[in-house]
Amino acid sequence: MGPLKQSLILMTQNGRYFQDEVELHASGKIVKTIVQTTSDPLEACKYDNRKGADEKALEYGFTLIALNTYLEEV
Numbered sequence: 001m002g003p004l005k006q007s008l009i010l011m012t013q014n015g016r017y018f019q020d021e022v023e024l025h026a027s028g029k030i031v032k033t034i035v036q037t038t039s040d041p042l043e044a045c046k047y048d049n050r051k052g053a054d055e056k057a058l059e060y061g062f063t064l065i066a067l068n069t070y071l072e073e074v
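Okay, so the sequence shown: first residue is 1 according to the working numbering, each after it adds one.
The hints are simulated quantities; they were obtained by calculation from the structure and are not laboratory data.
Fair warning: there could be bad hints in the mix.
As a list, the in silico EDC-like pairs of lysine to aspartate or glutamate whose alpha-carbon atoms are at most 20 Å apart [what the hints assert, rightly or not]:
no.: 1; residue 1: 46; residue 2: 59
no.: 2; residue 1: 5; residue 2: 54
no.: 3; residue 1: 32; residue 2: 73
Pairwise CB distance ranges (calculated) [as the list claims (entries may be wrong)]:
no.: 4; residue 1: 14; residue 2: 66; range: 15 to 25 Å
no.: 5; residue 1: 15; residue 2: 59; range: 35 to 45 Å
no.: 6; residue 1: 34; residue 2: 65; range: 17 to 27 Å
no.: 7; residue 1: 12; residue 2: 51; range: 16 to 26 Å
no.: 8; residue 1: 24; residue 2: 71; range: 37 to 47 Å
These figures come from a predicted structure and were not determined experimentally.
We put the CB at the ideal spot given by N, CA and C, even for glycine.
Required output: the full structure, derived from the provided sequences and hints.
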């Protein structure tokens with residue numbers, strides 16, 4: 001049996017899914033970060049490792065969700 005793999009996404013507090021971050025720059029500095037979301041979980045940003053997904057979930061207070069779980073063939 002191969003290793004267990006997951007495709008993870010993040011759900012916001014209002015039930016939408018994290019898609020991307022957009023940074024606004026002025027005078028060479030980031031002045032604002034805007035979070036893009038989607039209502040479609042298939043369009044959400046997908047994470048292959050739990051560490052990266054956990055960090056982003058903690059940063060924004062999002063919930064981590066497993067979109068797909070499968071066995072990888074070796």
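Results of checking the hints against the structure:
Restraint check for residue 46 and residue 59: satisfied, since their Cα atoms lie roughly 16 Å apart, inside the 20 Å limit. A distance of roughly 16 Å separates the Cα atoms of residue 5 and residue 54; the hinted pair therefore holds under the 20 Å criterion. At roughly 43 Å between alpha-carbon atoms, residue 32 and residue 73 are farther apart than 20 Å, so this suggested pair is violated. Under the hint 15 to 25 Å, the C-beta atoms of residue 14 and residue 66, about 20 Å apart, fit the expected range.
Range check, residue 15 to residue 59: Cβ separation about 19 Å, and the 35 to 45 Å hint is violated. Range check, residue 34 to residue 65: Cβ separation about 22 Å, and the 17 to 27 Å hint holds. Judged by the Cβ atoms, the range 16 to 26 Å given for residue 12 and residue 51 holds: they are separated by roughly 20 Å. The beta-carbon spacing between residue 24 and residue 71, approximately 42 Å, falls within the hinted interval of 37 to 47 Å.
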